[in-house]
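*Asks:* Chains as they are written, first to last, in UniProt numbering: chain Y, 1 to 386; chain H, 1 to 386.
Treat the hints as calculated values from the structure; they're not laboratory data.
Just so you know, even glycine gets a beta-carbon here, dropped at the ideal spot from N, CA and C.
Take these hints with a grain of salt, some might be off.
Said to hold, decoys possible - Covered stretches of chain Y (chain H as the covering partner; in silico rule of three or more C-beta atoms under 8 Å from a C-beta of chain H): (1) 19-33; (2) 59-65; (3) 90-98; (4) 170-176; (5) 185-192; (6) 286-295.
There are 2 protein chains.
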Amino acid sequence: MIQELRKRWNALQQALAREGGDAILITTNVNLFYVSGRIFSGAAYVRLEGDPLFFVRRPVGLKGGNVIYIRKPEEIAGHLQQRGIPMPAKLFLETDSISYNEYRRYEKIFDPRVVCNGTQLLRGVRSIKTIYEIGRIMRSGVLHARLYERIPSLYRPGMTDTELSIEIERESRRLGSLGIFRIFGQSMEIFMGSLLAGDNADAPSPYDFALGGAGLDASLPVGGNGTPLTDGTSVMVDMGGNFTGYMTDMTRVFSVGKLTDRAYRAHDTALEIQRRIEQTAAPGVPAADLYNLAVRIAADAGLSDYFMGHRQQAGFIGHGIGIEINEAPVLAPRSKEALVPGMVFALEPKFVIPSVGAVGIENSFLVTDNGVEKLTHCEEAIVPLQ
Amino acid sequence: MIQELRKRWNALQQALAREGGDAILITTNVNLFYVSGRIFSGAAYVRLEGDPLFFVRRPVGLKGGNVIYIRKPEEIAGHLQQRGIPMPAKLFLETDSISYNEYRRYEKIFDPRVVCNGTQLLRGVRSIKTIYEIGRIMRSGVLHARLYERIPSLYRPGMTDTELSIEIERESRRLGSLGIFRIFGQSMEIFMGSLLAGDNADAPSPYDFALGGAGLDASLPVGGNGTPLTDGTSVMVDMGGNFTGYMTDMTRVFSVGKLTDRAYRAHDTALEIQRRIEQTAAPGVPAADLYNLAVRIAADAGLSDYFMGHRQQAGFIGHGIGIEINEAPVLAPRSKEALVPGMVFALEPKFVIPSVGAVGIENSFLVTDNGVEKLTHCEEAIVPLQ
């Protein structure tokens, strides 16, 4: 693991150097996991040169030459001084993630000349996965696909969306899902994923997910809402796959009975969008171009009004994945990112067809040296439940 | 619902008045849910007088005279001006929750003379529940207890902690659990709760939960770790109960075979602590006194080394509950809070006995006018699994 961590430290130090930074203080769980390989309560201090220092409050018992136990962050200054490490002039803090009051506390401790956005620095570094990370994501993809293969066997006639979802959740946990769903930013919440049946797929959501759903309660208005799975409804399953600490994202559509012709045509259009993007996506290709390509194909099929939602439409067709479900790059019209080998993203062209429900596809892809490679393999046609 | 919301607005306005504040801008999900009764993307603006204004980005279609659709928070200033509402001189922002960069954005929009800590203002107001909220918590407690009654029927010999946990999670969802677990602060993460068997109960955790557990992966080091449920081990179930948007907290202990005498004695001591605190707790009683009482009873029983953990010990014995699992008050030695009618808290005296596991109890209590009332009723002895 130490060699793996060194790669990440090097990537972060190179990013720091590019930005003229002296150090970054990392205090959020996701980024602590990235730079240390585990979650702890405390802070990681990464400088331009040398190994990071890990200032740990909890748990007791961590070993290692870089581990320094503290009771509060104010002690960090003394430890740096003891080691002859000068205070940083240009310090990166996770300014998109840490609270205002935390920020002020760290500012007082380090008193830097300038503070920069470490959240975005880390998002950039994390967007290009190491081989080890790609392995973790691939493993999650294999288990995720295995889960989806079992979905038809979990269905019983007369079920509601919630009842089927509960059986899928259980099967996911039995296959090793850790259950939690890490999302960047604090405004998006969801349980293990969503299962959208019939017109509930068109219920607009407060969250920035591709599709909504009314949910079971005003405190969590997303996903299934107790809709009975009756004849002629589509059942879209978009359950997160967190089997390894790294997420994969994957959506498949099932049907109860037969859907309308328009629904099948929209599903085929989603598959066509996926095919065209698979052919086009490669290092150097702007993420925005992929979005525009998808929008054009949907328009050519006369389905613009249903693309990425109907009453409320999402403004993206894909997103980076990793420790969190919404990493860089974002496949959206104003995205400034281009694909780079080692990026991993989910592509999710979807349509919401009134009185039928949601159709479409989602898979996770790795950007390779000359194209993209799918990581989530499982039947892509609409599978009838019976 | 509007009368219920008015009570909350009044309580918040009284708190604002006490602090000499002009307004509070609320943008986090939990507090938006509190002041509006639902989750939306946007902001609630509560002034000293008059109804709040709800600035909504998503979802589309919300109705009401106080609902104003915006694309970005910068538009709020213009809307206030249009309505002849002066800019606030003393503005509360959720400074313990919103990111530094969000803070700077709101500061620019409102340009107040002074900004105060709205997170703590809201935590104070939310710590005293309305009758409606108490009803939601009571309902969650009933379903939570029903879940725990079913636990023995979910056990099969040869199971691991994870396997039993998965069956409890499923049963919880079937009873209506929403699944998610809202925690104040961003450093604590957990799936639906924890099930700790044997010595895994003593694995120290990075999180500030009462007990730890190694978990299944370094990315989520908490709770069950695949420990087989073998003869002589205790099985502590501490699953969150979020059935209504309001959480209850409840722990029960089960045994595989017979435990050691010390384990039973420690369990009885936990029940004794609960009994004594139930007799003592009442409006006006300092939360710190209840903590000290518990510590004294554990010491008198010669069990201090095992109280609230062994290798790593937690520094509290209870905590407020509500929309989040860790609200005010905290039952800890340095707590400055005293009980007030309408507060709801979880009391969790627990012991970790090496080579046996965790024993103890947790229930949720309402502070009434003259004492406390238990909300989570279910067998409290150690129940053998067979």
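*Asks:* Which numbered conditions among the earlier hints are violated in the structure presented, ordered from lowest to highest?
*Replies:* Checked against the structure, the only hint that fails is number 6, while the rest are satisfied.
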